[in-house]
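Required output: the full structure, derived from the provided sequences and hints.
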Amino acid sequence: MLKRLRQFFRFPGGIHLAHRKEASSEKAITQLPLPEKLILPLRQSAGATPVPIVKAGDKVKKGQRIAAAEGWISASLHAPTSGTVRDVGDYPVAHPSGLAAPSIVIEADGEDAWGERQPFLEQTATEYARQVFNPERVQHYLQDMGVVGMGGAVFPSHVKLVKAPGIPLETLIVNGAECEPFVTCDDRLMRERADEIISGLIFLTELLGVREALIAIENNKPEAAVAMQNALAARLESVVHHIRVVIIPAIYPAGSLKQLVYMLTGKRAPIGVLPTQLGVQCFNVATIHAIWRAVAHGEPLIRRIVTVTGDVERPGNLEVPLGASIADILRYAGMRGSADGCLVGGPMMGFLLPHGDAPIGKGIHCLIARSPQLFPPEAPESPCIRCTSCAEACPQGLLPYELYWWSRAGDFAKTQRYHIHECIECGCCAYVCPASIPLPQYFRFAKDQLRAAAKNQEMADQARERFEFRQFRIEREKAERAEKLAQAARAQSAKRAVEQAGASSAPPTSEAEAIIAAAVERTRMAHEAETIDPKPEPGNPA
Amino acid sequence: MEILPAVLVMALGALILGAAIGYVATRFKVEGDPMVEKINALLPQTQCGQCGYPGCKPYAEAIAKDDAAINLCPPGGDEGARRLADLLGREYTPLSAECQKESKAGVALIDEANCIGCTLCIQACPVDAILGAAKQMHTVIAPFCTGCELCLPPCPVDCIEMKAIPQTPENWEWPRPARKVPVSLIKTPVDIPC
Numbered sequence: 034m035l036k037r038l039r040q041f042f043r044f045p046g047g048i049h050l051a052h053r054k055e056a057s058s059e060k061a062i063t064q065l066p067l068p069e070k071l072i073l074p075l076r077q078s079a080g081a082t083p084v085p086i087v088k089a090g091d092k093v094k095k096g097q098r099i100a101a102a103e104g105w106i107s108a109s110l111h112a113p114t115s116g117t118v119r120d121v122g123d124y125p126v127a128h129p130s131g132l133a134a135p136s137i138v139i140e141a142d143g144e145d146a147w148g149e150r151q152p153f154l155e156q157t158a159t160e161y162a163r164q165v166f167n168p169e170r171v172q173h174y175l176q177d178m179g180v181v182g183m184g185g186a187v188f189p190s191h192v193k194l195v196k197a198p199g200i201p202l203e204t205l206i207v208n209g210a211e212c213e214p215f216v217t218c219d220d221r222l223m224r225e226r227a228d229e230i231i232s233g234l235i236f237l238t239e240l241l242g243v244r245e246a247l248i249a250i251e252n253n254k255p256e257a258a259v260a261m262q263n264a265l266a267a268r269l270e271s272v273v274h275h276i277r278v279v280i281i282p283a284i285y286p287a288g289s290l291k292q293l294v295y296m297l298t299g300k301r302a303p304i305g306v307l308p309t310q311l312g313v314q315c316f317n318v319a320t321i322h323a324i325w326r327a328v329a330h331g332e333p334l335i336r337r338i339v340t341v342t343g344d345v346e347r348p349g350n351l352e353v354p355l356g357a358s359i360a361d362i363l364r365y366a367g368m369r370g371s372a373d374g375c376l377v378g379g380p381m382m383g384f385l386l387p388h389g390d391a392p393i394g395k396g397i398h399c400l401i402a403r404s405p406q407l408f409p410p411e412a413p414e415s416p417c418i419r420c421t422s423c424a425e426a427c428p429q430g431l432l433p434y435e436l437y438w439w440s441r442a443g444d445f446a447k448t449q450r451y452h453i454h455e456c457i458e459c460g461c462c463a464y465v466c467p468a469s470i471p472l473p474q475y476f477r478f479a480k481d482q483l484r485a486a487a488k489n490q491e492m493a494d495q496a497r498e499r500f501e502f503r504q505f506r507i508e509r510e511k512a513e514r515a516e517k518l519a520q521a522a523r524a525q526s527a528k529r530a531v532e533q534a535g536a537s538s539a540p541p542t543s544e545a546e547a548i549i550a551a552a553v554e555r556t557r558m559a560h561e562a563e564t565i566d567p568k569p570e571p572g573n574p575a
Numbered sequence: 004m005e006i007l008p009a010v011l012v013m014a015l016g017a018l019i020l021g022a023a024i025g026y027v028a029t030r031f032k033v034e035g036d037p038m039v040e041k042i043n044a045l046l047p048q049t050q051c052g053q054c055g056y057p058g059c060k061p062y063a064e065a066i067a068k069d070d071a072a073i074n075l076c077p078p079g080g081d082e083g084a085r086r087l088a089d090l091l092g093r094e095y096t097p098l099s100a101e102c103q104k105e106s107k108a109g110v111a112l113i114d115e116a117n118c119i120g121c122t123l124c125i126q127a128c129p130v131d132a133i134l135g136a137a138k139q140m141h142t143v144i145a146p147f148c149t150g151c152e153l154c155l156p157p158c159p160v161d162c163i164e165m166k167a168i169p170q171t172p173e174n175w176e177w178p179r180p181a182r183k184v185p186v187s188l189i190k191t192p193v194d195i196p197c
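Residue numbers (the numbering used here), protein chains in the order written: chain A, 34 to 575; chain B, 4 to 197.
Honestly, the hints are just simulated from the structure, not real lab data. Among the clues, some could well be false.
Stated by the list, open to error - With a straight-line cut-off of 25 Å between C-alpha atoms, the simulated BS3-like cross-links for lysine-lysine are:
| hint | chain 1 | residue 1 | chain 2 | residue 2 |
| --- | --- | --- | --- | --- |
| 1 | A | K488 | B | K60 |
| 2 | B | K41 | A | K488 |
| 3 | A | K196 | A | K291 |
Keep in mind it's a predicted model, so treat the numbers as computed, not measured.
Written out as structure tokens, the structure reads:
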């Protein structure tokens, strides 16, 4: 039944990794017991940080909006459970820096009571029947529901629903590749909630009017592919005729956007071009599930499935509310004493949690308890011999050894010429490097240096502009003042001329001027009289 | 007499070329010194005046005229001096002693409770980043502040202080990877024979 439906295009580079998924892939999704306290970092998506609309002491219901999206590329944030807002302040977040960021702390009341829900499809049931959607309404609805990409990049989903002008959207890709080792949350989601994913996918294909939709699943997840195929088969042929399940070879990083698009469509996005501009759009399976929960059930994005694996007693896939503590989740899964840290995200692209705890965010799909047995200490770095293994492994077709060379030398302009911004930090280069050089770390360092330099340059340009304008303004004000003084002097002399002329015989031109002239004449006469013959003051004999 | 046509041809050629050069010189005349712009682009534009010139551009002009050293700019730091040396083909010299204090990027903050509205800081700000009016409270427009500290001395009530820009996950930078060089300790014999 599951035949390979189409030819796929093999992207250059990539590596074959041990999947290591068996520990958690057969464990059904279970719910994490509701934590007592949830810490929700405000910034949970790419773009602008939403603005909190609750304050300490406020009672919130489950699903109530607690931070409003700011601008277009931004998504709202909601309370994952009912309770009381305890604080709005800085708390450590799951970030390689280990720094604190503005967060909202909610103390759960244990009731987990939903607030009012307004499913989009109920609001517009008649429109849905007629299959006429207003894409803008859907976009705003999803922004309000805080739906973002759940594959890790956390890009607001509503932005991806905006079509590139003039380019017909041909293919919608559902990313169920899950190419990183250990991670199984999307696998379980597809096995257990295939029907909801298909519903969401039908909604999206109708909304976007795409010609075909492809559900890409790596060949190490046959059960998920069967589940998706069965869910498709249960639908009316006329509704799902353009949707296909495509099994792709498990080559890391097949789940990366550009690689997946190339694999399925043969379209290769040039540097700086988004797949949208090629008529392709891509959503993660979990994102599509979240979109369906939002439009059909009015549920904002307040929970997600996280794979907990590695050095734990009970590896599995937990559905956790956002803001749950990572340390609590690891304790719940039974982290062994031999574990010496926690990897957030997959083993290839994730990072080591710098301190013991941080809250779960919308983009965290996997927690791996690290132990020396699972992740033996890396061999010491030795000099690069320019063997070019990294260039062969790079799925983006870059030259990592050159990037490394210039990053290490601190010549970041050169790294730009070797297209460092095209690097997706997948880690293939470091994986194959015989010299054990941590290449992606060098690239992240170089990228951040470039970003900081660009920001400084922007600030300097702005400062120069403002300084030059200030100089110009001071000059202008000086000139204006001089002009004003000159004008006043001119007026003074003109007045004097008029006075003298008035004293002689210049005929007044108008009544008002005549009155003024008369008044001037009177005072002059009085003055003269005063100076010639001062009036005797009363009581003062002359 | 045979030489005459040759002389005439050369003279005519010289005349035409001379006219062309004269036209181009007036038509494409470069206003100002292009070197000043290049130097100015490398300066950090804090307009702080720590170099002894009343702004980055005057300093750039002085450098272009070879009146000033290239190591007088503390906000630009060593990196800035190096880039200037590269541009001008001069020898790199480390920051001069009085500029050794590399100023940290910061933002001025006015203690609004103590501000008396004297407008002195507004007049001192080289980038018009302070907003206010006479006898009204003033405030710093933080995104425009270059951290030059020029508003600090004129304030009669000392209500301005420099705040460091806090580090957040957004502006945090990945550190340079530490190169781990394998070191193995060799046990030395207790008594080394002499």
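Checked hints:
1. For the hint pairing A/K488 with B/K60, the CA-to-CA distance comes to about 20 Å; that is within 25 Å, so the pair holds.
2. For the hint pairing B/K41 with A/K488, the CA-to-CA distance comes to about 19 Å; that is within 25 Å, so the pair holds.
3. A threshold of 25 Å between alpha carbons decides the hint, and for A/K196 with A/K291 the separation of about 18 Å falls inside it, so the pair holds.
Checked against the numbered hints listed earlier, the structure breaks none of them; every hint is satisfied.
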